[in-house]
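Asks: Guided by the hints, dock chain D onto chain H, whose structure is given.
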Amino acid sequence: MEKVLPAKDRLLKSNKSGLNGELRGKMLVILCAIIMISATISITIFLGTKGMQSFTKNGISLIEFLTSTKWNPTDKASPMYGVLPFIFGSFAVTFLSALVAAPLGIGGAIFMTEIAPSWGKKILQPVVELLVGIPSVVYGFIGLSVLVPFIRENVGGLGFSLLAGTIVLSIMILPTITTIATDAMSSLPNHLREGSYALGATRWQTIRKVLVPAAMPSLLTAIILGMARAFGEALAVQMVIGNVRDLPSSILDASATLTTIITLNMGHTTYGSVENNTLWSMGLILLIMSFAFILLIRYLSSRRKLR
Amino acid sequence: MKNFKKFGLAILTAILMIFAAACGSDSSGKENETGNNGELSGSLVISGSSAMQPLIAAAAEEFMAENPKVDIQVNAGGSGTGLSQVAEGSVGIGNSDVFAEEKEGIPADELVDHKVAVVGMTAAVNPKVGIEDITKEDLIKVFTGKITNWKELGGKDQKIVLVNRPDSSGTRAIFNKFALDGATPAEGITEDSSNTVKKIISETDGAIGYLAFSYFTDDKVTPLAIDGVEPTEENVQSGDFPVWAYQHSYTKGEAEGLAKAFLEYVMSDEIQTTLLKEQGYLPVTKMKVERDVEGNQKDIK
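Sequence order for the protein chains is H and D.
Sequential numbering of the first sequence, starting at 4, is according to the working numbering.
Sequential numbering of the second sequence, starting at 279, is according to the working numbering.
The hints are simulated quantities; they were obtained by calculation from the structure and are not laboratory data.
Keep in mind that a hint or two might mislead.
Using 25 Å as the maximum straight-line C-alpha spacing, the simulated DSS-like pairs for lysine-lysine come out as follows [to be verified]:
#, chain 1, residue 1, chain 2, residue 2
1, D, K419, H, K73
2, D, K455, H, K79
3, D, K414, H, K79
Computed beta-carbon distance windows for the label pairs [as the list claims (entries may be wrong)]:
#, chain 1, residue 1, chain 2, residue 2, range
4, H, S148, D, V567, 40 to 46 Å
5, H, L65, D, K429, 53 to 59 Å
6, D, T422, H, L34, 58 to 64 Å
7, H, G159, D, E340, 46 to 52 Å
8, H, F153, D, E556, 33 to 39 Å
9, H, S148, D, E410, 49 to 55 Å
10, H, L238, D, A335, 33 to 39 Å
11, D, E410, H, T52, 40 to 46 Å
12, H, F153, D, T422, 49 to 55 Å
13, H, T70, D, S546, 53 to 59 Å
14, H, T47, D, G423, 52 to 58 Å
From chain H, some residues computed to sit far from chain D (all C-beta separations above 10 Å) [claimed, not checked]:
#, residue
15, F58
16, S190
17, W207
18, A237
19, T273
20, I288
21, L299
Predicted model, so just to flag it, every value in this text is computed and none were measured.
Each residue gets a CB set at the ideal place from its N, CA and C atoms; glycine is no exception.
This is chain H alone, in the form it adopts within the complex:
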């Protein structure tokens, strides 16, 4: 005969096992969170200490590092560690590609949400998703084989240029901008559109005067996320930008970015050498910049919530 427990015990037991399940789930989720947080923190600490070594241990002046345009770390007699040309190159390709990709991406988003929500979205959405799936090495390879000769023959210069890097990057960040901008536009409350039409505004007036301003913080977030991706991209840019250590004087000049210098040199340098440490410092600059981008996005989204 089955043992029947008194009601009081039964309640206590089931309660206990229920608590166990609760606890296990909670622990699992907390563990996930702790792993993620500790990974980020340890990378930051590691990069911070490694990146500071060129200044603390090797005695390179921080001012010289950030402002000098001369980079020649292998010169035995008088090595020079100025990364300004690379910082400039990184910012130049980032802003230029955002300049190209932002209007295209936001235009595409408006087309998908306002002009042709049914068939437009059906065509454009998969196209954009496809662009995300193409690996960066393929973008770089296409850039090297098609874009660089094209620029050399039709525009001038060597082909390896800021322009080539900009074009490759703008195609790469286009999906990021388009997707987030589309979400922003389609999440706008419908009463904005209806109110505008009720006042007698045309569709274009509604888009320009009501919808785009209302979605502006999210649109800016989209652009900044795209820029953050452009800033960190290494492989595709390295293949088309030419990697020259001088400051470029025109958009057709070859240039270099922080990421391309790191990828070009990291395998050849030995761990702990001055040159290796300066590469870590460049990595630290990239990390600080990505924090800056995140802060900017935080600021923009807090502004959006206040409205």
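Replies: Just chain D now, with coordinates in the frame of chain H:
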């Protein structure tokens, strides 16, 4: 149901432990033991110079075919990486295209050098430039930017476009040392991979760069003779052609066990005369001259 969860957790733990154990044995780098009948077994991790990776990987493949119980992993990652890793003992052999003494922060006295191959390299130009021979003096002037048009050297009226390697590249160090006599080249397009360098030279009017002999398989780029000496295998072996370098395999302390057996295999006539040639290297055993770290060259008696 609860039991199933516990069972799952146990399996998960077991998998994690096996995984951790596997990682642990991998990171020890080499693990070798010789069986009772003298048959080699165990595993060996090799890392370093990406230029040497195809050669060492091909040699490792043949070695593993002959010794089925042996597992050799060949990773690329650059000479600096290879030297750092072998010095800290995380790999069995570290490949480098420069002497360990030339790299900063490497305890070169702890490492033992095994010169496994020789690579010859020379300046290469776009075929349309119309030059096949250059004096060393002019070559230095071209790379330091003192001559900017090929017509000054009797070629076509084309602007000279330099294609360099990254500052820390071994190929660049060797070319600067032996072809440019230590002069610092002017700024130009910088690419790491030899294939990309070749592609750029072949497509860009007036381009000049430098490549290992193994890349001169077709007429897309023109290799230059320096001071009238043709860039050929024979001229490198006799010491007449100056731009060549050893390919080094470093071990920490004298090579032992599997690493020793593998390096002996690479140095064997079989590999030196067939595989090396296929991969575009010159056999180190056929060299009539030798070089020390400073680059002083002397005849082998």
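Asks: For each hint, tell me whether it holds in the structure or not.
Replies: Going through the hints against the structure:
no.	hint	verdict
1	D/K419 with H/K73	holds, 21 Å
2	D/K455 with H/K79	holds, 13 Å
3	D/K414 with H/K79	holds, 23 Å
4	H/S148 with D/V567: 40 to 46 Å	holds, 41 Å
5	H/L65 with D/K429: 53 to 59 Å	violated, 46 Å
6	D/T422 with H/L34: 58 to 64 Å	holds, 59 Å
7	H/G159 with D/E340: 46 to 52 Å	holds, 50 Å
8	H/F153 with D/E556: 33 to 39 Å	holds, 37 Å
9	H/S148 with D/E410: 49 to 55 Å	violated, 28 Å
10	H/L238 with D/A335: 33 to 39 Å	violated, 23 Å
11	D/E410 with H/T52: 40 to 46 Å	violated, 53 Å
12	H/F153 with D/T422: 49 to 55 Å	violated, 31 Å
13	H/T70 with D/S546: 53 to 59 Å	holds, 56 Å
14	H/T47 with D/G423: 52 to 58 Å	violated, 42 Å
15	F58	holds, 17 Å
16	S190	holds, 40 Å
17	W207	holds, 46 Å
18	A237	holds, 12 Å
19	T273	violated, 4 Å
20	I288	holds, 18 Å
21	L299	holds, 32 Å
Hint check: violations occur at hints 5, 9, 10, 11, 12, 14, 19; the rest are consistent with the structure.
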